[in-house]
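Enquirer: Based on the hints, put chain E in the right spot on chain C.
Here the protein sequences come in this chain order: C and E. Quick note, the first sequence lines up with residues 279 to 498 if you use this note's numbering. Quick note, the second sequence lines up with residues 9 to 229 if you use this note's numbering.
Hints in this document: simulated from the structure, not taken from any laboratory. Quick caveat, the model's predicted, so the values are computed rather than measured. Treat the hints with care, since some could be wrong.
[As the list claims (entries may be wrong)] No farther apart than 25 Å at their CA atoms in a straight line, the calculated lysine-lysine pairs in the DSS-like style are these:
(1) E/K28 to C/K341
(2) C/K376 to C/K290
(3) C/K376 to E/K28
(4) C/K477 to E/K102
[Unchecked claim] Calculated Cβ distances over 10 Å to all of chain E for the following chain C residues:
(5) T358
(6) K376
(7) F416
(8) I420
(9) G433
(10) G439
(11) N446
Quick reminder that beta carbons are idealized off the backbone N, C-alpha and C, glycines included.
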Amino acid sequence: MTHATARDDLLKGLWKDNPVLVQTLGMCPTLAITNSVENGIAMGVATFFVLVGSSVLVSSLRKLIPNEIRITAYIVIIATFVTVADMVLQAVVPVIHKQLGAFIALIVVNCIILARQEAFAAKNTVWRSFLDAVGMGFGFIIALLLMCAIREVLGNGTFLGHSVFGPNYEPWVIMVLPPGGFFTLGFMLLAIAAWSRRKAPRPLRARPHDVTLQTQKAVV
Amino acid sequence: MSEHVHAAATELGPSVSPFKLISTLSVFGAVAGLLIVVVFQATQPAVLRNQAAATAAAITEVLPGGARYQTLFEHDGKLVAEVPAGVDTVPLEKVYTAFDTANERLGYAIIGTEPGFVDNIKLIFGYDAGAKQVLGMLVIEQKETPGLGDKIVKDTAFVNGFTRVATPLRGVKIGAGTGASGEIDMITGATISSRITIGIINHQLERLQPLIEAYEKAGGA
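Next comes chain C alone, as it looks inside the complex:
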């Protein structure tokens, strides 16, 4: 394994292959719990813990798990880590645990985690799987915090509970309600798509109507 590969394993999840912003996985928690930065941190850290723990374990046991039952085995491993995270959060930060409600337990079915097991940890060494999980975990936290910051600042006028715009700010309540989650995510994905298109080499920048024109010419 070269140095460049290890770096790439770690860094790809942060931006280039960000699980939320590029792969659009894990939409359920991304939309549901991102109405305050506090919630985002707790959800992000819990998912990070589950992802890293499961990836390391799945990768170290990958030769022992028969192919036929691999998904079942992954789910058992993931569910165990989620239950542990759930209990620890309940004991340590009961208020946040109450706010996140069912979404902690639903980390079990977060497709980011299962996707990393199936696509990466099941085929790679423990060290590479660890780096991949750390990168993807941080990528998820970054995406959640971006969403949370936008929604909490606009929808509540606060950041981590501290007032940002002063007492005269009228909060955009819709931003902390479910539609605000869709708006924020939509605009973020739009911005990222526009940005990556600008960065893409020329041939990829062909506009849809250029393609139509060419096709029409070909038909003619």
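Expert: For chain E alone, kept in the frame of chain C given last:
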């Protein structure tokens, strides 16, 4: 069709014996179960401590200035300070009572839960049985609409409206009150949540007031 099936079968490679599949999953399940039990045992004391601390803080909020607090259990249609041996107190409804330094009873703290606009609203309120007054109210749990229904927590005028009001409570629209004791100004834009909040207190008192009276008549033992 049969070619597809054949191709799929060869891709899977040699089949593994069912025994190996079952034993692998059994070992996984057993280890996972063991781990969960260990973590549960380790975190449970902290969880119970947190719950007790949260309840204690809520009681102090609605019955301030208490020097001593006591838990009463609703058992067999009566309020009792001690249940007969062998009765589990966890599922029993509880009423808390506070005494000042001179051992005078300050009042009772009662918890009530009812379905709100979104999810259950759980609140605690202080009650003075002698004066038949609500002393104060604190919403413990709610998931009402942010900016509208959640004003039952954030609107200080509404929350302070529950200080020393005669029972039964009656919700009125702002400006429509007659000045009679027992009137609570409801929140504009959160009429349903306000009405439910007032309803929880009235329903709990309807049921518990006779029990509290009987308890006090019996000497409060």
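Enquirer: What are the numbers of the hints that this structure violates, sorted from low to high?
Expert: Structure breaks hints 2, 3, 4, 5, 6 and 9.
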